[in-house]
Every structure is written in C-alpha cells, then in structure tokens.
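Trainee: Make a model of the complete structure from these sequences and hints.
Everything in the sequence shown is counted per full-length UniProt numbering, starting at 1 for the first residue and increasing by one.
You can take every hint at face value.
If you anchor each label on the Cβ, the simulated ranges turn out as follows:
#: 1; residue 1: G119; residue 2: V145; range: 13 to 23 Å
#: 2; residue 1: R94; residue 2: G142; range: 15 to 25 Å
#: 3; residue 1: P152; residue 2: D105; range: 35 to 45 Å
#: 4; residue 1: G146; residue 2: E101; range: 12 to 22 Å
#: 5; residue 1: A69; residue 2: S39; range: 20 to 30 Å
#: 6; residue 1: S136; residue 2: A74; range: 15 to 25 Å
#: 7; residue 1: R43; residue 2: D138; range: 13 to 23 Å
Hints were generated in silico from the structure; no laboratory data involved. Virtual Cβ for every residue (Gly too), placed ideally from N, Cα, C.
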Amino acid sequence: MAGMTEHTGETSPEPSGSASSPLDDVVTAAEWIARALESSGYRADFTPGSLGDIERFMTEHSAQGTAVAGGLLAVDPGSRLFALGAYLGETVRRGLGGTWEDGGDPDSLTDLVLRLPDGAVVRPVQRVIKRFRNGSEDSITGYAVGLGLHPPARRRAWFRRG
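Mentor: Written out as structure tokens, the structure reads:
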C-alpha cells in the first residue's frame, strides 16, 4: 500500500510475522486503510454509513478496471484492493457478526471468506475487486444491503421557496 504515503504519511502495514497469512493480516489491513481513507477525507469508521464513502472512493479512483492516473489506486492496487475488501468485510462483521476464514487457500488474498452468524459465506475482498473491474453495477453499498447491513438513508435537503 505504499504510495498512499504522500497523502497519509503512513506506510502499508507490515505483515504480522514472517509466516503471516492474509487471514492474519485482514484486520490490520482494514484498520490501516481506514486511517488512510480518513486522512484523505473519506469517512471510514466501520459503520454502515461509511460504505457510501468507500463507494465514492472507488468511483473517484477507478474506472471499469483501471486505476485513475495519479489516483490512490494507481500504485500497488492489489494491496489496496485487499485492504478495501478487508474494510468492507470488517464493516459487515462488526455490524452483523461473523468470523473470517481462509476459503481453502490460506495464502490467497482473494480467497478469504467471512462466515456470517446465519452460516452464509461471503467474499468481501472479491466483491471489492468486482467493483473495481465492473464499476458501480457491483455496488459495495448494494452488496452490504443485500447481506442485511443497512446504511442510513441519505437526508434530502428541503428548501422553502419564497
């Protein structure tokens, strides 16, 4: 995740040990990207409402599978997409409950799964990668709502005339 340092002053999280796995690093990555996003002006407090800012981040820094030149995904996109997926998963886990598990390949960044209390298995890292590749048709907020996590409704500005 190096490269965000020009915006955040932070470097990417170090692996938790010499034999660390993505499962070991998922929460660390989520917390790191949350700090990096906050320092860049995005709300990243692990609440359902923060997913709208993650959606905005994806819109501003990617376009149909390509990182925007000079954007925050232009450098080390794989690590950053993993961290964003970890953030999405942690937001879901903190809101609905659940546990992180490796999905069969303990060394794969994209194979992590989140097992929800009802037994459903979801793949938030893969969802963020799909959002990056396909754009808003693979909405992060829509994904969360489909899982039962409900961001607050946007307030409408009402103006009086006259």
